[in-house]
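Engineer: Assemble the complex: chain A is given as a structure, and chain B must be docked to it using the hints.
As a plain string of letters, each chain reads:
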Amino acid sequence: MKEKRAAPLAVMLLVMIYLLIPLAVSIVYSLFRKWTGVLPEGFRLDNYIALFTDGEFLASVGRSIAMCIVPIAATIVIVLLALFVTTIYFPKLEKYVQIICMIPYTIQGVILSVSILSLYVGSPTFLSNRLLMLMGAYCVVILPYIYQGIRNGMRAVHMPTLIEAAEMLGASKLYAFFRVVVPNILSAIIISSLLAVGIIFGDYVLIRNLAGTSAPNMQIYLYQTMKHDSTMASAVFVIIMLTTFIITLLVLLLQNKDTKRRQQQVKE
Amino acid sequence: MIKKASNKYLYLLALVPFLVVALLYEILPLATVIYKSFLPDTGGAFTLENYQTIASKLLYRKAIMNSLKISLTSAFVGIVIAFFGARAAHERPGKMNRAFTAVLNMVSNFAGIPLAFAYMILLGNTGLMVNIGKELGISALANYELYTMNGMSLIYIYFQIPLSTLLLIPAFDGVHKQWKEACTLLGGTPGVFWRKIAIPVLMPSILATFSVLFANALAAYATIYALMMDNVALLPVQIAGCFTGEVRIRAGLGGALSVVMMVLMLLMILLTNAISRRFQKGGARR
Numbered sequence: 001m002k003e004k005r006a007a008p009l010a011v012m013l014l015v016m017i018y019l020l021i022p023l024a025v026s027i028v029y030s031l032f033r034k035w036t037g038v039l040p041e042g043f044r045l046d047n048y049i050a051l052f053t054d055g056e057f058l059a060s061v062g063r064s065i066a067m068c069i070v071p072i073a074a075t076i077v078i079v080l081l082a083l084f085v086t087t088i089y090f091p092k093l094e095k096y097v098q099i100i101c102m103i104p105y106t107i108q109g110v111i112l113s114v115s116i117l118s119l120y121v122g123s124p125t126f127l128s129n130r131l132l133m134l135m136g137a138y139c140v141v142i143l144p145y146i147y148q149g150i151r152n153g154m155r156a157v158h159m160p161t162l163i164e165a166a167e168m169l170g171a172s173k174l175y176a177f178f179r180v181v182v183p184n185i186l187s188a189i190i191i192s193s194l195l196a197v198g199i200i201f202g203d204y205v206l207i208r209n210l211a212g213t214s215a216p217n218m219q220i221y222l223y224q225t226m227k228h229d230s231t232m233a234s235a236v237f238v239i240i241m242l243t244t245f246i247i248t249l250l251v252l253l254l255q256n257k258d259t260k261r262r263q264q265q266v267k268e
Numbered sequence: 269m270i271k272k273a274s275n276k277y278l279y280l281l282a283l284v285p286f287l288v289v290a291l292l293y294e295i296l297p298l299a300t301v302i303y304k305s306f307l308p309d310t311g312g313a314f315t316l317e318n319y320q321t322i323a324s325k326l327l328y329r330k331a332i333m334n335s336l337k338i339s340l341t342s343a344f345v346g347i348v349i350a351f352f353g354a355r356a357a358h359e360r361p362g363k364m365n366r367a368f369t370a371v372l373n374m375v376s377n378f379a380g381i382p383l384a385f386a387y388m389i390l391l392g393n394t395g396l397m398v399n400i401g402k403e404l405g406i407s408a409l410a411n412y413e414l415y416t417m418n419g420m421s422l423i424y425i426y427f428q429i430p431l432s433t434l435l436l437i438p439a440f441d442g443v444h445k446q447w448k449e450a451c452t453l454l455g456g457t458p459g460v461f462w463r464k465i466a467i468p469v470l471m472p473s474i475l476a477t478f479s480v481l482f483a484n485a486l487a488a489y490a491t492i493y494a495l496m497m498d499n500v501a502l503l504p505v506q507i508a509g510c511f512t513g514e515v516r517i518r519a520g521l522g523g524a525l526s527v528v529m530m531v532l533m534l535l536m537i538l539l540t541n542a543i544s545r546r547f548q549k550g551g552a553r554r
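Chains as they are written, first to last, in this note's numbering: chain A, 1 to 268; chain B, 269 to 554.
Honestly, the hints are just simulated from the structure, not real lab data.
Treat the hints with caution; some may be incorrect.
25 Å max Cα-Cα, derived SDA-like pairs, lysine to any residue [claimed, not checked]:
{"#": "1", "chain 1": "B", "residue 1": "K276", "chain 2": "A", "residue 2": "K227"}
{"#": "2", "chain 1": "A", "residue 1": "K34", "chain 2": "B", "residue 2": "K276"}
{"#": "3", "chain 1": "B", "residue 1": "K276", "chain 2": "A", "residue 2": "R63"}
{"#": "4", "chain 1": "A", "residue 1": "K227", "chain 2": "B", "residue 2": "I406"}
{"#": "5", "chain 1": "B", "residue 1": "K363", "chain 2": "A", "residue 2": "T213"}
{"#": "6", "chain 1": "A", "residue 1": "K34", "chain 2": "B", "residue 2": "I406"}
{"#": "7", "chain 1": "A", "residue 1": "K227", "chain 2": "A", "residue 2": "R63"}
{"#": "8", "chain 1": "B", "residue 1": "K363", "chain 2": "A", "residue 2": "Y175"}
{"#": "9", "chain 1": "A", "residue 1": "K227", "chain 2": "B", "residue 2": "K363"}
Covered stretches of chain B (in silico footprint by chain A; criterion: 3 or more residues with CB under 8 Å from a CB of chain A, positions within the stretch not fixed) [unchecked claim]:
{"#": "10", "stretch": "361-367"}
{"#": "11", "stretch": "377-383"}
{"#": "12", "stretch": "441-450"}
{"#": "13", "stretch": "465-479"}
Think of the CB as a built atom: it goes at the ideal place given N, C-alpha and C, for glycine as much as any other residue.
Next comes chain A alone, as it looks inside the complex:
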């Protein structure tokens, strides 16, 4: 009996070790001068010091952050507006909004970037602006996550009841939606935005195909560094992974808090 109980633990441990080895190795690699034998030699922090005094790296961090803010804010606004109209006034249209929002799940990455590129690259209008193409592509890529987050949030707070109650108290539907429903699903919006941050932070395909090397983000910086200096690149790697881990950790924490709050509400 005891043996049987140990088996699941062993499986989980094995998978975890397998998943963590590449990460652990890269972290150690970034902290030592030489690692050609079994053990690394010469502990140092030079890589990190050099990195944080490198203007180009700091600029790439700044770009990564800036590239998150605009598409995420824009997507949240357009999805909220679309869902407001469809759920309250035109429930029949909701299905089509859902389909549009779900397509990017399957066509993300290469296909999306080359289709946008081939459509607008020769355009004489403002649409041929590479940065604009990139922002548009990011909006589409994160669409499924933002949509699902907001939709699930609406379901969890029983939106129709909430709006009815607000209306009975004299509020208009518009007011009820933006001043009652939206604040109540704020945590769902934040969680899905953080997921979207993770996606945009990790993007290489879209930015490479659409913006080229004109606006390098952290991923492109890593790619360029790893070609000539692998220890330096490992430091970039550690910083990228740390940022994404912090983002995932935040998502997990917020999700836990959210479900706990819900459970408490149900108990009350």
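Structural biologist: Just chain B now, with coordinates in the frame of chain A:
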């Protein structure tokens, strides 16, 4: 009454921003890619030339075959590991379980260039594991060839594991403990329980996850590009090459390759849906 109705339609304006973005950056681009795939790159009217090129040129045939092979294998291995991982998590709630899901969640964002980099350090030509393998005389490690199709499949499997396990864990909530007790009472061994009860119940989720994994591997680009640049016969790499290569842009050919990739994904979804329906029907027939 009339005023109210017109008011209602006024609200449709709020849909406009959403539709503009979707149209400009999702629907129109996709439609043009499909449309252009039927136009010759040299100029002219409707043609199947691009599809003929794909069917006749060894490079593109190889790209399709390689992509299919690596996607199917990595999805299969991924789903097997995910099955045991999710089962372990299901059987053993507690601290370890929480650590397990936390690690899975964290690693699920570990893909693209960083993943390629980590594997270069680990298993590249002068990678750490390769050096250790040389020193300790483990030839499987010492002679590991990361820059080949087989070598890269390890990376594919790596990024499939967190995704597939996270997708399968909730499915195991559908396997109730009472069923296992009932099965044991009726004289079934654990093996019978898994083969005859649990796996058929889980099958729709397993199949759906499989098709997600397949699409995920088929479209994977950044990791492979970081390792091999354009020198590899894989669908996404060849597609990107048609549009961003140093030579002129071949939108027709690239479009046709994109259509092939989308059709492959669609076929997999249809296939897994069809098989999964049989399992659901089997459950309904009592």
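Engineer: For this structure, which hints from the list above don't hold up?
Structural biologist: Per hint list: 1, 2, 3, 4, 5, 8, 9, 12, 13 violated.
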